[in-house]
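Chains as they are written, first to last, in our numbering: chain A, 1 to 271; chain B, 1 to 287; chain C, 1 to 394.
Don't take every hint at face value.
Stated by the list, open to error - Facing chain A, from chain C, some residues (calculated, C-beta under 10 Å):
(1) A85
(2) V116
(3) T177
Unchecked claim - Per the computed footprint, the stretches of chain C lying under chain A, defined by three or more beta-carbons under 8 Å from a beta-carbon of chain A, are:
(4) 75-83
(5) 86-98
(6) 106-112
Think of the hints as simulated: they come from the structure by calculation, not from any bench. Ideal Cβ placement from N, Cα and C applies to all residues, glycine included.
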Amino acid sequence: MAYALDLLFQALEMGLLAASLWLLIQHLGLVSLGHAAFYGLAGYVLALSAPHTGSALASALLGVLAASGFAALTGWFVLRSRGLAFLMATLAFAQMLLVLGQDTPYFGGSDGLYVDGLSPLNIEEKALSMTAVAAAGAALIWRIGRSPFGFLMAAAHQHEDRLTSLGYSVFQIQLTAYVLSASLAGAAGAMHALRFGFVSPSLFSWQVSGMALLMVLLGGQTYFFSPWLGALAVVLLHELLASHALWGDWARHWAAGLGLIMIILARRKTR
Amino acid sequence: MDSLSLALLYGLNALQQGVLLFLLASGLTLILGAMGVINLAHGALYMLGAYLGYSLVQAIGLWLPAVLVLTALGLLMGWFIERSLIRPTVGGHPLRQVLLTFGVVLVAEELRAVVWGNDVLTLTPPQMLSGGIPLSETLLLPVYEIVILVTGLLIAFGLWATLHFSSWGIQLRALSENPRLLMAMGINPARLTAGAFALGTAVAMVAGVLAAPMTTLGPHMGSPVLIASLVVVILGGMGSVVGTLLTALVVGAAQTLGQIFAGDLAGLAIYVAMALVLALRPRGLFA
Amino acid sequence: MSTHRRSLLIASSLGLGLSGLPCISRAQSSPIRVGLMLPSSGTYAPLGDAIFKGLSLSLVQSKGVWGGRSVEIIRADDESNPAKAAELANRLITRDRADVLVGSVHSGVALGMAKVAADQNRMLIVPNAGANRLTGAGCSEQVIRTSFSNWQTIAPLGKVMTDRGIKTAVFLTWKYTAGDEYASAFAEGFEANGGKVLASLSLPFPQAEFGPLLTRIAALKPDAVSCFFSGTAAAKFLSDYDRAGLRRTIPLYVTGHVTEGILHTLKGEADGVVSVLHYADGLPHAADKRFRSAFAQQFGSPPDVFAVQGFDTGLVLEKALASTRGDLDPRALRSVLRGLVIDSPRGAWRFSAAQNPIQDIYLREVRKGQNQVLGVAAKALADPAEGCRLRWTP
Chain A
1 MAYALDLLFQ
11 ALEMGLLAAS
21 LWLLIQHLGL
31 VSLGHAAFYG
41 LAGYVLALSA
51 PHTGSALASA
61 LLGVLAASGF
71 AALTGWFVLR
81 SRGLAFLMAT
91 LAFAQMLLVL
101 GQDTPYFGGS
111 DGLYVDGLSP
121 LNIEEKALSM
131 TAVAAAGAAL
141 IWRIGRSPFG
151 FLMAAAHQHE
161 DRLTSLGYSV
171 FQIQLTAYVL
181 SASLAGAAGA
191 MHALRFGFVS
201 PSLFSWQVSG
211 MALLMVLLGG
221 QTYFFSPWLG
231 ALAVVLLHEL
241 LASHALWGDW
251 ARHWAAGLGL
261 IMIILARRKT
271 R
Chain B
1 MDSLSLALLY
11 GLNALQQGVL
21 LFLLASGLTL
31 ILGAMGVINL
41 AHGALYMLGA
51 YLGYSLVQAI
61 GLWLPAVLVL
71 TALGLLMGWF
81 IERSLIRPTV
91 GGHPLRQVLL
101 TFGVVLVAEE
111 LRAVVWGNDV
121 LTLTPPQMLS
131 GGIPLSETLL
141 LPVYEIVILV
151 TGLLIAFGLW
161 ATLHFSSWGI
171 QLRALSENPR
181 LLMAMGINPA
191 RLTAGAFALG
201 TAVAMVAGVL
211 AAPMTTLGPH
221 MGSPVLIASL
231 VVVILGGMGS
241 VVGTLLTALV
251 VGAAQTLGQI
261 FAGDLAGLAI
271 YVAMALVLAL
281 RPRGLFA
Chain C
1 MSTHRRSLLI
11 ASSLGLGLSG
21 LPCISRAQSS
31 PIRVGLMLPS
41 SGTYAPLGDA
51 IFKGLSLSLV
61 QSKGVWGGRS
71 VEIIRADDES
81 NPAKAAELAN
91 RLITRDRADV
101 LVGSVHSGVA
111 LGMAKVAADQ
121 NRMLIVPNAG
131 ANRLTGAGCS
141 EQVIRTSFSN
151 WQTIAPLGKV
161 MTDRGIKTAV
171 FLTWKYTAGD
181 EYASAFAEGF
191 EANGGKVLAS
201 LSLPFPQAEF
211 GPLLTRIAAL
221 KPDAVSCFFS
231 GTAAAKFLSD
241 YDRAGLRRTI
251 PLYVTGHVTE
261 GILHTLKGEA
271 DGVVSVLHYA
281 DGLPHAADKR
291 FRSAFAQQFG
301 SPPDVFAVQG
311 FDTGLVLEKA
321 LASTRGDLDP
331 RALRSVLRGL
341 VIDSPRGAWR
351 FSAAQNPIQD
361 IYLREVRKGQ
371 NQVLGVAAKA
381 LADPAEGCRL
391 RWTP
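The task is simple: from the sequences and hints, build the whole structure.
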């Protein structure tokens, strides 16, 4: 039972990361391969600040703030490009944080950092906070979609020239959305750090960003909670593919099964 | 050792790292430049090349035939991947290409695990080339490093010449600039892209086996290569062989010097440079 | 929702149900479930394998029973990846219901396991990872180590080197926790005896491109070179060092980890390399002779220090559980640890209050593909356990 809850928490957290990506892809058509940067940065800031604040909430907020700040800074660079160049620019910044985390002594090195100084959460507290954060994130995304800003984003995506002629700055709209998306990704990262009590440079890897993209794809683009469906699907899929009961020793190679599914899904022309 | 010999030695280290980096990135620049396809599987192909090369060298016993066989295998695999996997996603949402090539990476890693296991392997350079040239009383320069250098430059020249002087190469360059005109002239872009992908794959795989004696073969060895190649290609301009070579040399030099002197923050410089280039000249320094 | 996605969700929900299925278990009354986390992939895979073999041999010799209970082992591959350690360890406890944890090779992984062990109040036995912190600043009742601390396996080297007239040295290692600990312990031991460390070089873990660093060493011209690497990369280092012509001109004095378990892959490139470690080839102890012949008979190859550590892990669990009559509670186990003397192939050893071995460190030299023992570099050496507040209750 405790294990099933663990899986649920994982889905809630990864779903939030996927949702933050979904926001950018759905409304603005911007595909980022670097969202792990915000996810990991928030986690690290939480781990670094926890011994000083003693409060999970305060450290988590600091983490989200750091992620937003990083987005505001890097957004200025990456939003100058589109498509492929945008993808690689976002990847570059995530990689930069990975190198910082891995090769410099400031952030604990390749072995990562422990989250010390916070009292460990019991099951009920975990359940409550995870659900609360995920729900808040979902509500925010839903609200944005229906707000005037949501219309602006859609317009920026589909009718860039007209919007500019009306006096709006497409760049401002994109940057705002980018920062919002980053703060949601940061919230997911803070959740991760609290859940595991540990952060490491691999949180910045492109594989993490890639997994989030997979969840977006699997969940579909229909509803604002679709990313969570996608996250749940990936988590359960992992359990299915890694089950020794089903596959025996071959379960070790579950990643190949996941990869094959990704290849098959990506080849289909339904989207 | 006097400072001249030392400088020479460091210079050779840097040059060799740069050429190696070029070898790795050149396959990617072809694919990105000609097809606009984001190939996250590039590092995985490099890894497969290293492992396949390892087995071929063990089986055949001689390097040259092994490398030739590997080249042929690479061309075949690249052609096959392009036709069956990549082509359906061209023109679609970039998300699909990212996921497709990510899927290929996952499958490739497990394939490696099943066939070659998870141990770290070492590949020694060919007997003929495993000697060293004495540079001082204490240090020898491995002959193999010089061979890599020369081979890399030869491949660079070969690629450049192909792109600029062969009709296939000229058509390929035209494809990245103006596909419609090319089709209006009756040239089938599919053949060009299949060829580009095949060539890119073959170069990546050969780079894998050539680099193998300098490092070790192990799980996830392709990931840092992928990132480094992407950086070099973006900085150097997609599709430009000369740009990729020059950038690779600069990056290789920065990496070597950083390893020796700066240590910690050296790795960052590359990404800062990349961000700047993207901000100011999104098409790359030499595009 | 499209059909393919619906069937995907159904299929994956099956996975949730299936993961609850019990693993194949023997029909015994309350067997001991051991959650064993070792690397089966990457540069430390051979070490993980050797530890497992040693542990298995010990289990065979005790007829698969500890403290009157049968033993069941559940294995997990940590891939020497600290990021996954806590998650995997947690899964061993919550999903696979492990009563006790054993692992790992990589220090970062072991630290993650230690945290989970403390949180969940399960015993963790560390059969290799040498992070000083595990039985130092981060010590706890829940963590026992049957191997060594990084400090123990390099500190004696300083005096060995200065006794031979070596005054300057360069140190080389990977940039991670273990590497840092070896670098500082070496400097401490060497400089306390009058030596001078010219430079402490490092490269990111687990890279194995030593070229530029070897060039740097040649430029610095130290009297000797010391280093810490492990596994396949260590073999490559020794080979590259030889190929660069340095072996004959600048001698290597290393921690024994560099020459453990990999000499059979080399063709003499390591001959003459001097090292210190808590085990060696050619030890005079009867327990070692018995162990070596049993190991060779069971597995067809000679054992190394990692096999010994795995074997000792089994010995410790067997003896401790015999005293507690099968009780795995960390407090109960600690109460019997103090009096335990382990009759190990490495020689007899006992536990310190920080739950780390107090043991002899041997001086060895590579001769004919073996780490031949030359003598004892430090007798009954205890790790200083800096920052640990555990004491034996009188």
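For each hint given before, does the structure comply? Return the numbers of the non-compliant ones in rising order. none
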